[in-house]
Amino acid sequence: MAHAFRRRPDGSLACRLDGEEKAILTQVAQETADLIRADLGIDAERDVLRRAAESEDPLRRLEAEFAGRDAREPSDSAVKRLFPAASEDPGLAAEYRRLGQQDLADGKLADLRTVMQVLDATGGGHSEIVVDDAGAMSMLRALNDVRIVLADRLGLERDGDFDTVRMLQQIGERVEGMERSGDEEHVSSDIVIAVYELLSWLQESLLRALD
Amino acid sequence: MPVEMPRADPATGTRTALSPEVEVTAEADGPWCTVVWNDPVNLMSYVVFVFRRYFGYSRLVAEQLMMQVHEEGRAIVSRGSRERVETDVQAMHSFGLRATLERAGED
Numbered sequence: 001m002a003h004a005f006r007r008r009p010d011g012s013l014a015c016r017l018d019g020e021e022k023a024i025l026t027q028v029a030q031e032t033a034d035l036i037r038a039d040l041g042i043d044a045e046r047d048v049l050r051r052a053a054e055s056e057d058p059l060r061r062l063e064a065e066f067a068g069r070d071a072r073e074p075s076d077s078a079v080k081r082l083f084p085a086a087s088e089d090p091g092l093a094a095e096y097r098r099l100g101q102q103d104l105a106d107g108k109l110a111d112l113r114t115v116m117q118v119l120d121a122t123g124g125g126h127s128e129i130v131v132d133d134a135g136a137m138s139m140l141r142a143l144n145d146v147r148i149v150l151a152d153r154l155g156l157e158r159d160g161d162f163d164t165v166r167m168l169q170q171i172g173e174r175v176e177g178m179e180r181s182g183d184e185e186h187v188s189s190d191i192v193i194a195v196y197e198l199l200s201w202l203q204e205s206l207l208r209a210l211d
Numbered sequence: 001m002p003v004e005m006p007r008a009d010p011a012t013g014t015r016t017a018l019s020p021e022v023e024v025t026a027e028a029d030g031p032w033c034t035v036v037w038n039d040p041v042n043l044m045s046y047v048v049f050v051f052r053r054y055f056g057y058s059r060l061v062a063e064q065l066m067m068q069v070h071e072e073g074r075a076i077v078s079r080g081s082r083e084r085v086e087t088d089v090q091a092m093h094s095f096g097l098r099a100t101l102e103r104a105g106e107d
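As they're listed, the protein sequences go chains V and C. 1 is the number of the first residue of the first sequence in this note's numbering; add one for each residue after it. 1 is the number of the first residue of the second sequence in this note's numbering; add one for each residue after it.
Honestly, I wouldn't trust all of these hints.
Claimed, not checked - The following label-pair restraints were derived from C-beta to C-beta distances:
id, chain 1, residue 1, chain 2, residue 2, range
1, V, 91, C, 70, 29 to 37 Å
2, V, 30, C, 73, 32 to 40 Å
3, V, 73, C, 74, 19 to 27 Å
4, C, 103, V, 190, 44 to 52 Å
5, C, 82, V, 173, 47 to 55 Å
6, V, 103, C, 60, 29 to 37 Å
7, C, 103, V, 8, 41 to 49 Å
Hints were generated in silico from the structure; no laboratory data involved. Where is the CB? At the ideal position from N, CA and C, for every residue including glycine.
Next comes chain V alone, as it looks inside the complex:
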């Protein structure tokens, strides 16, 4: 059972999570990081570029230098939300992406890594999670980014959509009681809803503790 974040006398922030909650958080943080890397082609491209940059061939080095400046446009709908166009003008948006997307991705991946490290350091069971202010900022941003990915998978597009999804789930539970339909897709969306609620609750609790 999770306990909300609170400010401790030494200024740090602490909450309590059980082993299962920590495992879920770690998993969704890892999946979000993997999704960002895969969709933006981060690791694969960097390896190729590093080899090209170290090449003997000056043309390949030049090529690597220019290729490194290209930022791949996100194709996954959730990654599009994490890396939105910075302008309604496509030319300006592309230029902005080229200049800033890599740093933005590095920051998001670092935040997700911080959360995974903080959770990992506490071991497997029910335990206290302690973060300093910088860690709290990383956690706030990472929780939000994971929520953005889950919201995309749940199809949330407008204010109030989550309430609708929640209501449909409850109706579904009632109907299921009568006719027992246990299809996989239904079960997995129930899990996504539960994780989304856990993350929202944790983020809200951290915001209150920081206030």
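Got chain V sorted already, so can you dock chain C onto it with the hints?
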């Protein structure tokens, strides 16, 4: 680009302004502005926190800007040079807020 530099902008010194609209138009110190758009994911308390923490706005101004985003779909949250506004947009994206830069007066 440094993304998490909490700063109190001297140009947004009208902290006592009751309306954010007044505040942002009164300090028109540049031709560009940062626009934050509504989305169904970000918690209201989170958006207020980000506006206070990053821009150094008072709670009142941050809450009014958040409500403007929520009710009108968008709000101008800062103005300045293109470079300044680009930094602000990048920061908003780092917090997961949907933000764009615009030439002032476009809307």
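Against the structure, the hints:
Against the hinted window of 29 to 37 Å, the Cβ-Cβ separation of residue 91 of chain V and residue 70 of chain C comes to about 30 Å, which satisfies the hint. Range check, residue 30 of chain V to residue 73 of chain C: Cβ separation about 34 Å, and the 32 to 40 Å hint holds. In this structure, residue 73 of chain V and residue 74 of chain C meet the distance hint of 19 to 27 Å, their C-beta atoms being roughly 23 Å apart. Look at residue 103 of chain C against residue 190 of chain V: about 46 Å separates their beta carbons, and that is inside 44 to 52 Å.
The given range of 47 to 55 Å is respected by residue 82 of chain C and residue 173 of chain V, whose C-beta atoms sit roughly 52 Å from each other. Range check, residue 103 of chain V to residue 60 of chain C: Cβ separation about 32 Å, and the 29 to 37 Å hint holds. Between residue 103 of chain C and residue 8 of chain V the CB atoms are about 47 Å apart, so this pair conforms to the stated range of 41 to 49 Å.
Hint compliance for this structure: every hint is met.
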